[in-house]
Amino acid sequence: MNTTENIRLQDTSKGRQLKDKLILGLVILLSLITISPIVLIIGKLVAKGYRQISLEFLIKNTPDTYTAMTALANGERIPGGIANGIVGTLIMVVLASAIAIPVGIIVGIFLYENPGKRLANFTRSLSDVLQGVPSIVLGLISYLWVVKHVTNGYSALAGAVSLAIMMLPMIVRSTEETLKMIPNTLKEAALALGTPYHKVILRVLIPTGFSGMFTGILLGISRVLGETAPLMLTALGSSMINLDISKPTSAVPLLIWEFYNDPNMIDLIWSSSLMLMAIVLILNLISKQIAKKTK
Amino acid sequence: MNSDKITKLVLSLGSFILIIVAAGMVYSLVVGSIPAFKTFGFQFIFSNNWDPTSGKENYGALPFIAGTLISSILALLISLPLSFSTSLFLGEYFKGTRVARILSTLVDLLAGIPSIVYGLWGFYVLRPLMIELGIGSQGFGVFTASVILAIMIIPYATSLSNEIISMVPNDLKEAAYSLGATRLEVIQTVTIPNAHSGIIAGYILSFGRALGETMAVTMLIGNSNKVPDSLFGTGNSMASVIANQFGEADGLKLSALIAIGLLLFVITALVNALGKLIIKKMQ
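Just so you know, the protein sequences line up as chains X and D, in that order.
Numbering-wise (UniProt numbering), the first sequence opens with residue 1 and increments by one.
Numbering-wise (UniProt numbering), the second sequence opens with residue 1 and increments by one.
Among the hints, a few may not be true.
List of simulated lysine-lysine pairs, DSBU-like, C-alpha gap at most 35 Å [to be verified]:
1) D/K95 / X/K288
2) D/K280 / X/K292
3) X/K44 / D/K95
4) D/K226 / D/K253
5) X/K288 / X/K187
6) X/K293 / D/K173
7) X/K180 / D/K95
8) X/K44 / D/K226
9) D/K8 / X/K293
Just so you have them, the derived chain D footprint on chain X, three or more residues with Cβ under 8 Å [as the list claims (entries may be wrong)]:
10) 18-26
11) 189-199
Label pairs and their calculated CB-CB ranges [stated by the list, open to error]:
12) D/G247 / X/M240: 13 to 21 Å
13) D/D229 / X/V94: 40 to 48 Å
14) X/L26 / D/R101: 16 to 24 Å
15) D/Q188 / X/H149: 51 to 59 Å
16) X/L186 / D/S178: 42 to 50 Å
17) D/K8 / X/M240: 41 to 49 Å
No wet-lab data here; the hints were simulated from the structure.
Think of the CB as a built atom: it goes at the ideal place given N, C-alpha and C, for glycine as much as any other residue.
Please build the complete structure, drawing on both the sequences and the hints.
Put into structure tokens, the structure is as follows:
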């Protein structure tokens, strides 16, 4: 090899190294851009919202427009809070969980116990389809089913049904995935002792897979907590705390939507969003933490 | 023996519930949209005239179908370089390091932010920025909605492609390194060819997410019932027209909105099925 060729080789090598470094820099830069919105969003919410948050904010109902306007005109803090939304969200999420968790776990166990069977494969595909259905369409469905035929009007139950259909596929999937990771020998040992099938499920499968299923449930809850669109078509909203599940009920995301549409209440959107987001993110982090520990 | 049979029955009962729910959804949507399709025929899908004035009511879904597709495709294009870089960061360059763990937690958090909070942030932070950049006098429009949508779908594409990228066998990469390949060349010749179908599936699934987003889009797209005349013009999407006009809807208008819901359901189901099919083929 003569010297000129050698130099040329070194040159291309340098070019390749440089290109390599450039792309690495680009990847790091773009990754930083990707996560910047989360920092910016949380920063904005905290900066704008923390001042409104107090005990009163949590235990009082939303003010009417006139009260808010007067407070604004006098340069005071808007009185009242989002208690009606918090209670409504709690009711609907608990109801939705009560519907979705048992059904989801049963379907998940069914899928795990019948691998390869046609009914199980079909059910799994359907569950996948359900997972992809936009939340607004679930709101329409619950409107057609519950609002029109069960409660004859907007209601917490209708909201809960739409949220339950949303949670269901997530719970099915996490149950099946968790059970798949349990060693078969555990189940076989129980069966060998002559344990009835339902006891194997209740005493072996569910306790062993509990933390995995719990993660799925928490993730499902944190997903539906922030849902607004389906509730607009089903629960509608209410300015009072309402415990009757057949009546229109408010929810924190619904309140945010109302505040957004009412120029007098604008100040309240940040604190309510901050609250909602804090709860959702904490649930998210807890479930991720449990998932990591069980792995 | 008997109790075992009961247990099995209960288990299959669960799956029947799920089948009934899914079948019932399709049934209700189809029945609900019959009046609209009866009145307008298939013209409903291709007509761009949305006029709720009573007496000369006319409903066409084209503006909303166009708005949904354009904003979602644009969102996918914007999110592509970002989520691809992030999945390379997580699954290749910094695989298994603490930085990658932190970054991946942050990206997951992005998926946890409620749609309405994205909408607020878009309205109060992004929209003024758009006005300053001279995009539309109000800052509303397809482009603004797409930017927010892009941020929202990044976690979905990232988590799947990251998973696939980090599954590429190490010995393949090591073989390339031993031949003197740089990291970039390993990515180009080993990682991407091995992982490309998973990466594509991730993008398809995240596209499916974008199609159905409601609140953030409603707050930013401008809600004008016409086919957007440019990427920076205003428009409306299928999900947001349902959310916006549902309150005062009954009769034919309600049926038209349900029909749009049915179309949205069909489109997202097809897109998701395609993504799932690609994943299944890979395994």
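These are the hints, each one checked on the structure:
Proposed proximity of D/K95 and X/K288 is supported: the alpha carbons are some 19 Å apart, at most 35 Å. Under the criterion of a C-alpha separation no larger than 35 Å, the hint pairing D/K280 with X/K292 is consistent with the structure, at around 26 Å. A threshold of 35 Å between alpha carbons decides the hint, and for X/K44 with D/K95 the separation of about 31 Å falls inside it, so the pair holds. A C-alpha spacing of about 17 Å is found between D/K226 and D/K253, which places the hinted pair at or below 35 Å, so the restraint holds.
At most 35 Å may separate the alpha-carbon atoms for a hinted pair to count; X/K288 and X/K187 meet this at roughly 27 Å. For a cut-off of 35 Å, the pair hint linking X/K293 to D/K173 stands: about 30 Å separates their Cα positions. For the hint pairing X/K180 with D/K95, the CA-to-CA distance comes to about 26 Å; that is within 35 Å, so the pair holds. Taking the CA atoms of X/K44 and D/K226, the gap is about 33 Å. The hint holds against a cut of 35 Å.
Straight-line distance between C-alpha atoms of D/K8 and X/K293 comes to about 32 Å, which keeps the hinted pair within the 35 Å bound. Three residues within the 8 Å Cβ limit are the bar, and the region 18-26 of chain X against chain D gives 5, so the coverage statement holds. Three residues within the 8 Å Cβ limit are the bar, and the region 189-199 of chain X against chain D gives 3, so the coverage statement holds. In this structure, D/G247 and X/M240 meet the distance hint of 13 to 21 Å, their C-beta atoms being roughly 20 Å apart.
Against the hinted window of 40 to 48 Å, the Cβ-Cβ separation of D/D229 and X/V94 comes to about 47 Å, which satisfies the hint. Between X/L26 and D/R101 the beta carbons are some 22 Å apart, a value that agrees with the proposed interval 16 to 24 Å. At about 58 Å, the beta-carbon gap between D/Q188 and X/H149 stays in the expected band of 51 to 59 Å. A C-beta distance of roughly 43 Å is found between X/L186 and D/S178, which places it inside the suggested range of 42 to 50 Å.
Range check, D/K8 to X/M240: about 47 Å between beta-carbon atoms, so the 41 to 49 Å window is met.
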